[in-house]
Structures are given as C-alpha cells and as structure tokens.
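J.: Below are the chains, spelled out letter by letter.
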Amino acid sequence: MRIDKDLVAASATPLVLGILADGESYGYAILKRVDELSGGRMQWTDGMLYPLLHRLERLGLVEASWGTSDVGRRRKHYAITAAGREALVERQAQWDVVAHALQQVWRSAQDGLQNPPRVAEGWA
Amino acid sequence: MAPGTAAPDAASPGPHAALEAQIDQWRGYVRRREAISAADVDEMEDHLRERVEDLRATGLDDDEAFLVAVKRMGTLDDLSREFAQEHSERLWKQLVLVGEQPGRTRSWRELAVVLGLAAGAGVATKIATSVLDEDVVALNAALLVLPFLTAYLAWKRQVTARVVGALVVPFVALGLVLNLYPFEPTGSTLVLAVLAAPAVVWAVVGVAYVGGRWRSDARRMDFVRFTGELAVYYTLIAIGGGVLLGLTTVTFSLAGVDLEPYLDTWILPLCVPAALIVAAWLVEAKQNVVENIAPVLTRVFTPLTLVMLLAAFVVLATAGDLADVDRELLILMDAILVLVLCLLLYSVSARDPLAPPSFFDGLQVLLVVAALAVDAVALTAMLTRIAEFGLSPNKTAALGLNLLLLVHLAWSAVLATAFLRGRRPLADLVAWQTRFLPAYAGWAVLVAVVFPPVFGFV
Numbered sequence: 001m002r003i004d005k006d007l008v009a010a011s012a013t014p015l016v017l018g019i020l021a022d023g024e025s026y027g028y029a030i031l032k033r034v035d036e037l038s039g040g041r042m043q044w045t046d047g048m049l050y051p052l053l054h055r056l057e058r059l060g061l062v063e064a065s066w067g068t069s070d071v072g073r074r075r076k077h078y079a080i081t082a083a084g085r086e087a088l089v090e091r092q093a094q095w096d097v098v099a100h101a102l103q104q105v106w107r108s109a110q111d112g113l114q115n116p117p118r119v120a121e122g123w124a
Numbered sequence: 001m002a003p004g005t006a007a008p009d010a011a012s013p014g015p016h017a018a019l020e021a022q023i024d025q026w027r028g029y030v031r032r033r034e035a036i037s038a039a040d041v042d043e044m045e046d047h048l049r050e051r052v053e054d055l056r057a058t059g060l061d062d063d064e065a066f067l068v069a070v071k072r073m074g075t076l077d078d079l080s081r082e083f084a085q086e087h088s089e090r091l092w093k094q095l096v097l098v099g100e101q102p103g104r105t106r107s108w109r110e111l112a113v114v115l116g117l118a119a120g121a122g123v124a125t126k127i128a129t130s131v132l133d134e135d136v137v138a139l140n141a142a143l144l145v146l147p148f149l150t151a152y153l154a155w156k157r158q159v160t161a162r163v164v165g166a167l168v169v170p171f172v173a174l175g176l177v178l179n180l181y182p183f184e185p186t187g188s189t190l191v192l193a194v195l196a197a198p199a200v201v202w203a204v205v206g207v208a209y210v211g212g213r214w215r216s217d218a219r220r221m222d223f224v225r226f227t228g229e230l231a232v233y234y235t236l237i238a239i240g241g242g243v244l245l246g247l248t249t250v251t252f253s254l255a256g257v258d259l260e261p262y263l264d265t266w267i268l269p270l271c272v273p274a275a276l277i278v279a280a281w282l283v284e285a286k287q288n289v290v291e292n293i294a295p296v297l298t299r300v301f302t303p304l305t306l307v308m309l310l311a312a313f314v315v316l317a318t319a320g321d322l323a324d325v326d327r328e329l330l331i332l333m334d335a336i337l338v339l340v341l342c343l344l345l346y347s348v349s350a351r352d353p354l355a356p357p358s359f360f361d362g363l364q365v366l367l368v369v370a371a372l373a374v375d376a377v378a379l380t381a382m383l384t385r386i387a388e389f390g391l392s393p394n395k396t397a398a399l400g401l402n403l404l405l406l407v408h409l410a411w412s413a414v415l416a417t418a419f420l421r422g423r424r425p426l427a428d429l430v431a432w433q434t435r436f437l438p439a440y441a442g443w444a445v446l447v448a449v450v451f452p453p454v455f456g457f458v
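Which chain is which? The protein sequence lines are A and B, in order. Quick note: the first sequence uses the numbering used here, first residue 1, plus one each step. Quick note: the second sequence uses the numbering used here, first residue 1, plus one each step.
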C-alpha cells in the first residue's frame with residue numbers, strides 16, 4: 001500500500017518533531033526511523049526531508065549543529081527546542097481531532113454497508 | 001571542502017574509486033543549483049553515502065547502490081524547487097535570470113519597453129515643467145514619474161486586471177486630491193503634501209513590484225531589497241551622468257557653445273526621471289551584480305553611525321536647555337531614525353536566517369538602543385515645547401513619523417535581543433520589519449490627504 005502524497009506531506013512535520021522529541025538525530029537516521037515506524041509503507045523522497053528540516057530550523061522549532069560521523073564525515077544534527085515541543089503538543093491535539101472524526105466516519109460508513117442507506121427517503 | 005572528498009577515503013579505499021567519482025559528479029550537479037548551498041550539499045552527501053552503504057550491505061554493487069540512492073534522493077528539479085521555496089533569499093539574485101532563459105526576444109522587447117517608458121517619464125516631466133508652476137510640478141513630481149515605473153513593473157509581472165485597477169485608482173485619486181485642494185502657495189501643508197506624496201506613490205509601486213501579492217512577507221522584503229538596490233544604482237547613474245555632463249559642458253564651452261541654459265530646461269527634466277526607470281530595469285536585470293552592496297554598506301556604516309549617535313547623545317544630554325530648539329530637531333531626529341531603520345532593514349534582509357547570532361547582531365541592537373536613547377532626549381525637549389506652543393502641521397507630521405519609527409525600532413530591539421539570547425528565531429524579526437512598513441504608507445496618506453483640510457490648507 002502506498003500512502004497518498006498529500007497525506008505524507010501533512011504528517012511530515014509532526015513525525016519529524018516527534019522523532020526529534022526522543023533525542024537529537026540527523027537526516028538519514030530520521031528517515032530510517034520513519035521507515036521503521038511505518039513498516040516501510042511511508043515512502044519519502046529522501047531529499048525532501050532537508051528543506052523541511054531547514055524550515056523547522058528557521059521557525060525555531062529545531063536547532064541544528066554540525067558534528068562528525070563515526071567515519072569522520074561532516075554531519076548536521078538536529079535537536080528539538082522548547083518551541084518545537086510546544087508545536088508538537090499542538091499538532092498532536094490537531095491530529096487527535098482528525099483521527100477521532102475519521103474513526104467516526106469509518107464506523108458510520110461500515111454501518112451503512114451493513115444496513116442499506118435510507119437517505120433517499122429522508123430527502124424526499 | 002574536506003568533508004566531501006578527503007574523509008570517505010578512510011572508510012572506502014581504492015576499490016570504490018568509481019563510486020567516489022560518481023558521488024563527486026553528483027555533488028557537481030547539485031552544487032550548480034543556486035537554491036542549494038554548499039552546506040546543504042554536504043548534508044545530503046552524508047545522507048547519500050549512508051544510503052549507499054546500507055544498500056551495499058543488502059548485496060548491491062557500487063553502481064546499483066549509487067543509482068538507487070540517487071533515485072531515492074529525488075529529481076534535482078523537484079529538490080531545488082523545494083529548497084528554493086524554503087530559501088528564497090538565495091534565489092533573489094536569480095529570479096530574473098531564470099525568467100529570461102526561454103528566449104532572447106523577451107529581453108529585447110523588455111529593453112524597448114524600458115526605453116519607451118523612460119522617454120515617457122522624461123517627456124511628461126519636461127511638458128509639466130514648461131507648462132506648470134514650480135509648486136504644482138513639485139506637488140506632482142511623483143505622479144509624473146512613478147506611474148511609468150509602476151507600468152514597467154506591472155508589465156514585467158504580468159499582473160491581473162484587478163491589480164491594474166488597484167494600481168490606477170490610487171494614482172487618479174491622489175492626483176485629483178492634490179490638484180483640487182486649495183493650498184496656500186507658501187503653506188506648510190503644501191510642503192508636507194509634496195513630501196508625503198512620493199511615499200504614498202512608492203507604496204503603489206510596491207504593490208506593482210510584488211505583482212499584487214502585498215500580503216506576502218517575503219515579497220515585501222523583496223521590495224525592500226529592490227528599493228535599496230535602486231537607490232544604489234540611481235546614485236551610480238547620477239554620478240556617472242554628472243561627470244559626463246560636466247565634461248560635455250566644458251568641451252562645448254571651449255568651442256564657444258554655452259550648454260548651461262539647456263541644462264535646466266531640457267537635459268535635467270528629461271534625464272533625471274528617465275534614469276530612474278533605467279535604474280529599475282538594471283536592478284531587475286542585473287540583481288546579482290550589486291546584490292551585496294546594500295548589506296556591505298550597512299556593515300560599514302553601522303559602527304560609524306553608532307559612534308555618531310553616542311556623540312549626539314552626549315551633546316544633547318549635556319546641552320542643558322533644549323527648550324528653544326525648533327521643529328528642525330524633530331525632523332533631524334526623524335532623519336536619524338530613518339537612517340538607523342535602513343541600516344537595520346538592509347542587514348536583516350540580507351542575513352542568512354540560519355546563521356547563529358554574531359557580534360554584528362549585537363552591534364546592531366546597540367545601534368537601535370542608542371538611537372532610541374537619543375530620540376528620547378529630543379522628544380522630551382520637543383514635547384515641552386509643543387505643550388507650550390501647540391501643534392502645527394509640521395510638528396504633527398514629524399511627531400507622528402517619530403512615534404511610528406519609535407514603535408518600529410523599539411519592538412525590533414526587543415525581537416533582536418530575544419534572537420541574540422536564542423529565545424526567538426530570526427524569522428520573527430524579519431516578519432516584523434516588513435509587516436510594519438504599510439503603517440508608514442498609511443501615515444503618508446494621512447499627511448498628504450487629511451492634513452491639508454484639517455489645518456485649513458495653510
């Protein structure tokens with residue numbers, strides 16, 4: 001199953017902030033974590049992560065610092081800031097509302113499948 | 001430079017030479033995209049190499065791993081578009097060059113449009129100066145020249161009919177108001193209207209520049225940059241033109257021809273307005289040539305202005321009795337605050353938003369604080385005087401501008417301090433700079449349109 005592009009884009013910010021809330025990380029590791037969390041079903045275009053991280057940095061939600069990897073390459077690490085944690089809480093609340101609404105819709109849709117719709121009568 | 005080339009050798013010696021060459025080539029391709037900086041390429045290269053290693057661990061060879069990794073990174077066009085959206089300041093110098101690529105016909109047509117509009121601005125001014133009184137020309141100066149600049153920008157941005165309407169209406173309305181008001185010939189409201197009208201019209205130019213999207217902070221900041229570069233270009237053209245004219249006049253005088261009578265009546269009315277349109281075209285076409293001049297000037301003048309302000313503060317504070325200072329002091333203070341604001345605006349507009357706070361940022365906060373201190377001393381002196389003699393149109397206009405500048409700079413100082421201490425991102429400071437600008441246009445409208453009837457046109 002492939003996840004719709006818009007859905008991936010909408011969930012990218014809370015996912016990244018949530019992963020960084022667990023501790024400092026860097027681009028490739030963040031993507032691998034997304035892969036693990038979604039069981040490989042959320043496929044990002046790798047490069048697109050970086051403009052997103054830079055936007056979060058500009059908005060002050062994450063802080064970046066340059067370090068070195070095990071093999072001595074330059075590597076940019078990202079850490080969540082206090083403002084980032086606030087934003088994450090806010091996003092989480094928003095997603096809870098969306099998820100809750102969707103669950104109700106799924107349930108009524110399922111009911112609808114079991115009991116054929118009588119909507120037409122109501123309108124008539 | 002080392003991170004890209006030297007370090008990997010430790011991890012992957014000889015056998016992977018082909019892979020190293022491929023990665024090098026990839027770096028080259030990515031680096032050519034203006035929106036992606038060297039640091040971004042380093043960051044993505046680190047990613048690419050990890051991806052390649054992971055893929056090799058699953059049994060792919062170098063070639064296969066590289067191909068898959070590059071494919072997963074995304075196409076360069078998509079990537080650079082995303083980076084461009086996030087880092088528009090890097091693209092500022094590229095906007096026009098990208099637009100010109102489709103063909104050379106457009107640039108020739110553009111040159112024709114520019115020369116036509118420049119000639120139009122010159123001729124309009126020439127006709128006005130030979131037909132109308134000096135006062136009336138001064139009152140309408142902005143309305144004579146800037147519609148041509150607006151027309152150029154509107155043509156260049158291919159604005160919609162609605163935006164054209166939004167551009168034409170203010171010109172017509174302001175023209176009617178200014179010319180139908182029964183100004184006293186030497187009244188101060190006339191002088192104020194002469195001074196405020198260009199500011200009003202400049203806001204209209206701004207709407208044309210941003211193609212009607214004046215709500216966008218980023219576009220407004222682009223207009224600020226445009227204004228600064230236009231001033232730089234215009235000054236350069238004026239100096240060059242002055243030298244050329246001087247040489248011509250001297251040469252002609254050797255031959256017994258006196259050029260001076262034509263200078264005021266023909267050459268200046270035609271050339272001064274036309275040069276503005278040409279300067280605007282140069283800024284649009286050659287942004288990358290002087291893109292760094294305004295920021296460099298701010299770097300040079302920020303410390304100097306700080307010294308000047310500290311000296312002014314000492315002089316004002318120790319002068320004792322400031323009670324008999326006149327509105328000149330207030331106007332002088334406005335000029336100083338405008339200067340400080342420009343220094344702040346242009347360094348903020350050119351600053352890399354991701355760079356950490358530096359010594360220069362601290363210096364800038366000091367500058368703003370010093371300006372506010374000097375202004376506080378001058379304002380106290382002025383307020384006692386206003387309390388004594390009441391408000392004249394001049395004092396009200398100067399005081400209003402002073403208060404606007406005060407609010408603008410004071411909140412800038414708060415935001416800049418918060419940025420220095422890591423409490424707020426630079427984006428807040430940038431957004432505040434451009435969001436406050438419409439307030440000045442609003443005040444200029446008040447001064448030009450509402451003041452004259454309120455103060456009885458004197």
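Hints are supplied without guarantee of correctness; some may be wrong.
Unchecked claim - For lysine-lysine, the following DSSO-like pairs were computed, each having C-alpha atoms within a straight-line distance of at most 27 Å:
hint	chain 1	residue 1	chain 2	residue 2
1	B	Lys71	A	Lys5
2	B	Lys71	A	Lys32
3	A	Lys32	A	Lys5
No lab work stands behind these hints, which were simulated from the structure alone. Being a predicted model, the structure only gives us computed values, none of them experimental.
J.: Take the hints in turn and mark each one as holding or not.
T.: Each hint, compared with the structure:
1. Lys71/B x Lys5/A: holds (17 Å)
2. Lys71/B x Lys32/A: Measuring from Cα to Cα gives roughly 16 Å; hence the hint holds.
3. Lys32/A x Lys5/A: Answer holds: Lys32/A to Lys5/A is near 18 Å, not above 27 Å.
Checked against the numbered hints listed earlier, the structure breaks none of them; every hint is satisfied.
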